[in-house]
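Chemist: Produce the entire structure from the sequences given, and follow the hints as far as they go.
Just so you know, the protein sequences line up as chains A and B, in that order.
For what it's worth, the numbering used here labels the leading residue of the first sequence as 946, then goes sequentially.
For what it's worth, the numbering used here labels the leading residue of the second sequence as 194, then goes sequentially.
Because the hints were derived from the structure by calculation, they are not lab data.
Certain hints may be false.
Just a few of them, taken from the derived set where beta-carbon distance is under 8 Å, the chain B residues facing chain A [as the list claims (entries may be wrong)]:
| no. | residue |
| --- | --- |
| 1 | Phe359 |
| 2 | Ile445 |
| 3 | Leu491 |
Label-pair restraints from in silico Cβ distances [claimed, not checked]:
| no. | chain 1 | residue 1 | chain 2 | residue 2 | range |
| --- | --- | --- | --- | --- | --- |
| 4 | A | Gly1176 | B | Asp349 | 24 to 30 Å |
| 5 | B | Met498 | A | Thr1237 | 17 to 23 Å |
| 6 | B | Leu202 | A | Arg1240 | 30 to 36 Å |
Small disclaimer: the values here were computed from a predicted structure and weren't measured.
For glycine and all other residues, C-beta sits at the position ideal for the given N, C-alpha and C.
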Amino acid sequence: MQKDRAPLIAWTSITAVGIMAMTYHLRWMPVMRGDTDPALYSRGIGTPLLLWLNGYLGVFLNFQFLSPVGTLSIPLLAYGLFRWKGLVRWQQALLVFTLLSSLVIGVFGGFNYRYALTLQPLLIGAVAITIWNIAKGRTRGLLIASLALLSLLNVMLSLVHRQRTWRADPTYNSPDTKPDGSLSERLDSSPRDLEGFLRDNGVAQTDTVLVNNLPIWYYVTDRPGVYFWSGSDQLFLADSKPFLFKDRTDDEVMAYMRDSLHCRYLFSTIDYDTYNPRYISFVQSHMDLLATDDRDHTLYRLKDTFDR
Amino acid sequence: MSEAVLFTLLTFLTNVLFGAISAAFLLRLNQRWAYPPWPLALIGMGLGPYLMTVMLYYPMALWEDLPVPVLIAFPVLFFAALAWQAGKGWSILVDLLGTIPRLLADRSMWFFLLGSAMIMFITIIFLANKPLVDHDVLEYAIQGRIFLRDGHIPYDQFRFDASSGFHYVGLHGFSFPLLFTWEGLLGNVFGVSSDLWARSMTMWYGWLLVAFVWAILRGIDRWMAVAGGIALTSSLAFLFMFTVYHLDSYRIFFFTVSVAAFIALFRAPSLERALFLALLCGAVSFIHSIGAILTGVLWFVVAVMLPVPLLQRSKWIAYCIGVMLAAGAVHYVVEVLFGTGWIFQDIIWY
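Modeler: So this is what it looks like as structure tokens:
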């Protein structure tokens, strides 16, 4: 790259990424789920475009969670490939490692921003050092400062998007969008007094409870539970991870819970009660809702055989 | 003893003392490596809690029913030996710390101080107001407490706790759950049940990560460190990394320092640098499976591209594999052979 053209290319790239980040937050990211699958929507990959932006290319383009400075590493990586022979050995090795790592994360877990975050310090460091090396004097200072500004602009747009989502869907649940309550109430979503909640609803200390993906059960009580996740219909037993509903009728599920798992109760949350249609219909037809606490935890009991 | 006193004791013992011992030991070895001292000292601070978990892992995996004082003695004796071996590293560390007042006179460092103060503020607010509530971290904490109760780390096809019905589905190394075990061990001694210190590790490693990137960028230019620091920390993911208790800051810190050591190895190849990289990669692996996979990719690149003769490279890599395994990656070998099968089991994706 000719040194005198490099700052112009850097300015163009920064501007392009800024525009792309704005379009992403204001146009491409939905604020309502609509007909989208709940799991895909919650992961931000509900459309084919978002599947690429937040999924396969999430390491670089997940503006919802990550800094757009990482996006600027795309032209850097492309330039490195284009000028492969001009790179010294450590630059070549780093380029290959970055590309392979991005591929691994993109294919196996790009939709999870936590995995995509892994490469952020590397990508941001590489972009900052490159910009330092391609510019001089006042231009260098302005370019470096613009990286910080670009990141700040993007995080503001992310927060605005969360507020827009909450306004469009008040059930959207996040500490930064909850309208009221003390800080402690906003940050703490755990059951306030799980023992009391269970006792008040007639669950004896020895009653086994089907626990729908809520590990807090095992952390704060010494009660027996059967670990279960309705989203994948999986039971997590001592020697296997079988399905609960698959290949069973509702009555068979009821008999299996009662006679094999020795379990009449279900502990869940309103959120988790929406993932699996089969689970929802079973809970509605074969269980009684005993109580819902003020943090949306639900407690159900199997209807007895006499349908009382 | 209150939770706060236990927290203070654990922070001093594990973060500060074990961290400083590791830093002094690395600074002593640095005569061979010739790394910049500040980033190396920060790596040492990060190695403190991690090496403690390795020193808990082996006795708990190899023996059953060791008494609590014996389990505590393993890391303590290990770090005592390391402190003894650090020798001249202590004076180098003291000299390094002596440069702090001069550093603070530099205006660019005020941004770092401001950021650190913000992280400290966030830490206090969250530790005081947010218990363990998030799904994954609760599972790690429960598994850590099961290790504490049983005094043993078994490997079975299904990691199931018969007394509670809890089935641990995590496949990762046990470094993070063992932080909870460590807090429980010390808590048992003083009769306090707490997770305050283990929760604080999220923020501790978040701060170490920012400090490390800052130190690297500052080596080039002080104002670039300011801009890079802002760019790095200004994202929702980073905000969540500090505020949602999890192992992400822990694993990303070690991943980032591993990449720095990888670059350093390629710039001046030596067996000593390769072994240090292997230790750091062992840490990345022992914390999370994604670290084990990515360090596998990293060593593939080393194996193919490191500019040293093939025979020498092969020897180095053999030694390094040994170090990585000893540093925690052995978990995955045992898990595949005698445990859940790791990622080779029949996982249902949803």
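Chemist: List in ascending order the numbers of the hints, as given earlier, that are violated by the structure.
Modeler: As far as the earlier hints go, only 5 is violated by this structure.
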